[in-house]
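Novice: Sequence:
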Amino acid sequence: ERERERCIGIYNDLNDSIVMRGDDSDALYETIRAHQREGAVPGEAQAPSCVVYGFDLAVWPPNKPILVCAAEYGRTEIVKTLIRDFCCNVNVRRSKDLNTAVHCAAYYGHSETVRALVDLGADCTLVNKFGEKPSQAAAQGKQHWDAGQHKHKRQDADPFNACFRSIGLEPSHQECSALLDSPGA
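Under full-length UniProt numbering, the first residue of the sequence shown carries the number 1, and numbering increases by one thereafter.
Watch out, some of these pointers could steer you wrong.
Said to hold, decoys possible - The list that follows gives simulated cross-link-like pairs (lysine to aspartate or glutamate, DMTMM-like), each with its CA atoms no further than 20 angstroms apart:
id, residue 1, residue 2
1, LYS80, GLU112
2, LYS133, GLU112
3, LYS80, ASP123
4, LYS80, ASP97
5, LYS142, ASP97
6, LYS64, GLU3
7, LYS64, GLU5
8, LYS133, GLU77
Stated by the list, open to error - Okay, the calculated beta carbon distance ranges per label pair:
id, residue 1, residue 2, range
9, GLN36, GLY184, 35 to 43 angstroms
10, ASP56, THR125, 19 to 27 angstroms
11, GLU5, ASP181, 42 to 50 angstroms
Read the hints as simulated data drawn from the structure, not as lab findings. Ideal placement from N, C-alpha and C gives every residue a C-beta, glycine not left out.
Given only the sequences and the hints, what does the whole structure look like? Please build it.
Specialist: What follows is the structure, given as structure tokens:
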């Protein structure tokens, strides 16, 4: 029971760092380090690591690894920090649909995040459980965005789209597709 509570606490803190604090890699770094210090053995040296209480941040949690979560929210600096400093696997997959971080960033139209993932070695040929490559996920995301924009009379019918519209942000699905379809991606 204590292990489960610890797991939930770590996940909630990391999720808060990614979702609520914006693209602040320093806040994420401090959240991870605080949990590592809390779980450290007194007097034992702490090497840079992506393990917190035995949870490997490179692949944890399997239902939505923190790298995938950061990519989904377009947190480019956090994505870079997770890969460079915490050894997160750039091609980690979400267990329910086998989407990678680049699939999620492309689906939501986060072109800067897609570019960072590609630059950091994301494999743009991997397919999810629907047989889609990240470039196809971008096309799917665009269709869903457009359907949400035109299908519903009320602008707030889709909370995710309404949130983006409320801050004047239009996703860059075409730019994501172009990046992912370019030679070398």
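Novice: Hints first: check each against the structure and report whether it holds.
Specialist: Structure-based check of each hint:
no. : hint                                 : verdict
1   : LYS80 <-> GLU112                     : 11 angstroms, holds
2   : LYS133 <-> GLU112                    : 18 angstroms, holds
3   : LYS80 <-> ASP123                     : 16 angstroms, holds
4   : LYS80 <-> ASP97                      : 23 angstroms, violated
5   : LYS142 <-> ASP97                     : 19 angstroms, holds
6   : LYS64 <-> GLU3                       : 19 angstroms, holds
7   : LYS64 <-> GLU5                       : 18 angstroms, holds
8   : LYS133 <-> GLU77                     : 24 angstroms, violated
9   : GLN36 <-> GLY184: 35 to 43 angstroms : 36 angstroms, holds
10  : ASP56 <-> THR125: 19 to 27 angstroms : 25 angstroms, holds
11  : GLU5 <-> ASP181: 42 to 50 angstroms  : 45 angstroms, holds
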